[in-house]
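2 protein chains.
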Amino acid sequence: MKGTVLYGPGDIRFEDRDDPGIQEPTDAILRLAATCVCGSDLWPYRGLQPIDGPTPMGHEYCGVVEEVGSAVKSIKPRQFVVGSFATSDNTCPHCQYGYQSSCIHREFMLRAQAPYLRVPRADGTLVPTPGGTPSRDLVPSLLAASDVLGTGWFAADAANVKPGATVVVVGDGAVGLLGVLSAKQMRAGRIIAMSRHEARQKLAREFGASDIVTERGEEGAARISELTKGIGADSVLECVGTQESMMQAIQSTRPGGYVSYVGVPHGVELDGQKLFFSHVHLHGGPAPVRRFLPMLIDLILNGTINPGKVFDLTLPLDQVAEGYRAMDERRAIKTLLQV
Amino acid sequence: MKGTVLYGPGDIRFEDRDDPGIQEPTDAILRLAATCVCGSDLWPYRGLQPIDGPTPMGHEYCGVVEEVGSAVKSIKPRQFVVGSFATSDNTCPHCQYGYQSSCIHREFMLRAQAPYLRVPRADGTLVPTPGGTPSRDLVPSLLAASDVLGTGWFAADAANVKPGATVVVVGDGAVGLLGVLSAKQMRAGRIIAMSRHEARQKLAREFGASDIVTERGEEGAARISELTKGIGADSVLECVGTQESMMQAIQSTRPGGYVSYVGVPHGVELDGQKLFFSHVHLHGGPAPVRRFLPMLIDLILNGTINPGKVFDLTLPLDQVAEGYRAMDERRAIKTLLQV
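Protein chains in written order, with this note's numbering: chain A, 1 to 339; chain B, 1 to 339.
Think of the hints as simulated: they come from the structure by calculation, not from any bench. Certain hints may be false.
In the BS3-like style, the derived pairs of lysine-lysine whose C-alpha atoms are separated by at most 30 Å in a straight line are [claimed, not checked]:
#1 B:K274 / A:K274
#2 A:K274 / B:K162
#3 B:K162 / A:K162
#4 B:K184 / B:K162
#5 B:K229 / B:K274
#6 A:K73 / B:K229
#7 B:K162 / B:K202
#8 A:K162 / B:K274
#9 A:K184 / A:K229
#10 B:K274 / B:K162
#11 B:K73 / A:K229
#12 A:K229 / A:K274
#13 A:K309 / A:K2
Let's have the full structure, built from the sequences with the hints guiding it.
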């Protein structure tokens, strides 16, 4: 088969690689229905995160089980499954507490921008869709559940979004937009999306944003203060991962309010004393998508949510390099790759 | 009257000052029953926190109301009252959310190491003891409620201590010890106190600690890992405020667990990426003591708790300088000053 490999900044190649095979008895091999490019893929693509030589890419996936190892019990060939970007046994203490992305057996998935994928710990990582193979039009939304929706949902969950709450979402990438959708599902009273990009503002409104703020940094925080009568927001979802976005999030939150952060922070240093006097709750980390997958799949299958709308560019898999370019240049929110 | 003034590192003087008087119609003047020296007073005393010239000291107090301003409604002369180290109107949105120490009218108290004290926003800051003036033997515990108990309680509350939980307390100062007491009241299953000081270990056990760990830093975190079978603690109370203690706390917590920090951080910088992958909840700040005062006063008056035991040195107020020295040299956990 051919698969996606990053060679260096801006250098994505779709090239020959070995077909994946069962390596451990707990593995499954999937034939993917679709895969996609993640905002986090852009960090190494932009040279902002070092790589150790040529690196296979991709960690978002859904598709049909081709083969399972001898120790796999609940996952069966021909099932349509969605998995998380982090593998999990779903039985260790961390998994039982709902933090499957810190499973003692966690591996971060890689190599999913390809037609076939080996998934370790298949029983603990994959969730079959009830009712067999879903219709093709649901594939984008199910693919979104694999990471970007699960991460947006975790952002809202970790920021303690409650019915009636005033919520701010910092970041208008796919995760931020799905943070808006998630906060809406949790019945937030007011959802303020921070975005200066028209297409993204439109989608934010469609997903449930009540207000759009175009200012950033200190000015952004000042605007939130104005909108909340000087009090600050109850819940702020930080969906970028830079020092500016993190400080903007903390400064936008009322004392006793909640800040979540779900993108790997790059170059972020928090001053202990500033954080202390901000009086906020802070929680984040790699989203435990596995915790939310069964519920998210249900919400998609029954038509309650349509997170697949974040894919505003669809390309055949062999044009993956253009998919990266379009996202890097902010011509696309998120690129779906058809296998 | 005479009062306590810090002139520079190690230079505490008890010297003539003006008697406090009503300045605002919302003020009250108290004749203190007792006051004390706080661990946080040691930062400037040790020269680790700069001061702008001679600085009046003290922010923990209880005593009898002598006089109230014309706008004070609920607080009356002759009541025995306990107040927080942070003033509050107890009506603004932050107060209503339970974060009175971020009240829009907050002032940090100073000048309490003296016989008389002016308290701003008396109605929102002070809590009278039910049943009139309490017996003398309860004064140390009521004084503790003013800050050190309220702060220890907030540490346990912010670390989400639940019945049956495994709790770690980092720091064996008075706040840490009362964090142990608070976790016990919240019915923690196991309370691990980190201390290498015999008298403090003894008091920690008396307050409810089930285990004592003497190692610190990375070794301390490794010992907690061992004691929790590699999982980490559910709730960790950081009651010191240094980089080492903060990292020790974070490293001792399981993914999804809770870290609280209640001492003003000094020189603490949190690396965003390390915090992200630790997967912990983090909450802290100046303790909203006012939120807990009515309940804490009840627990003291009905004999359920005896937090006054943290005072292992009692001196007349005019020997305040020796009170600081004894705490600085760790000869005393906490010094009570009799007025």
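Hint by hint, here is what the structure shows:
1. B:K274 / A:K274: Given that 30 Å is the threshold and the Cα spacing comes to 18 Å, the pair holds.
2. A:K274 / B:K162: holds, 28 Å
3. B:K162 / A:K162: Judged against 30 Å, a Cα distance of about 21 Å means the pair holds.
4. B:K184 / B:K162: Given pair B:K184, B:K162 holds - Cα atoms ~10 Å apart, limit 30 Å.
5. B:K229 / B:K274: The hint holds at about 22 Å.
6. A:K73 / B:K229: holds, 28 Å
7. B:K162 / B:K202: Holds: B:K162 and B:K202 sit about 24 Å apart, inside 30 Å.
8. A:K162 / B:K274: holds, 28 Å
9. A:K184 / A:K229: holds, 22 Å
10. B:K274 / B:K162: Given that 30 Å is the threshold and the Cα spacing comes to 26 Å, the pair holds.
11. B:K73 / A:K229: Holds: B:K73 and A:K229 sit about 28 Å apart, inside 30 Å.
12. A:K229 / A:K274: holds, 22 Å
13. A:K309 / A:K2: holds, 27 Å
Hint violations for this structure: none, all hints satisfied.
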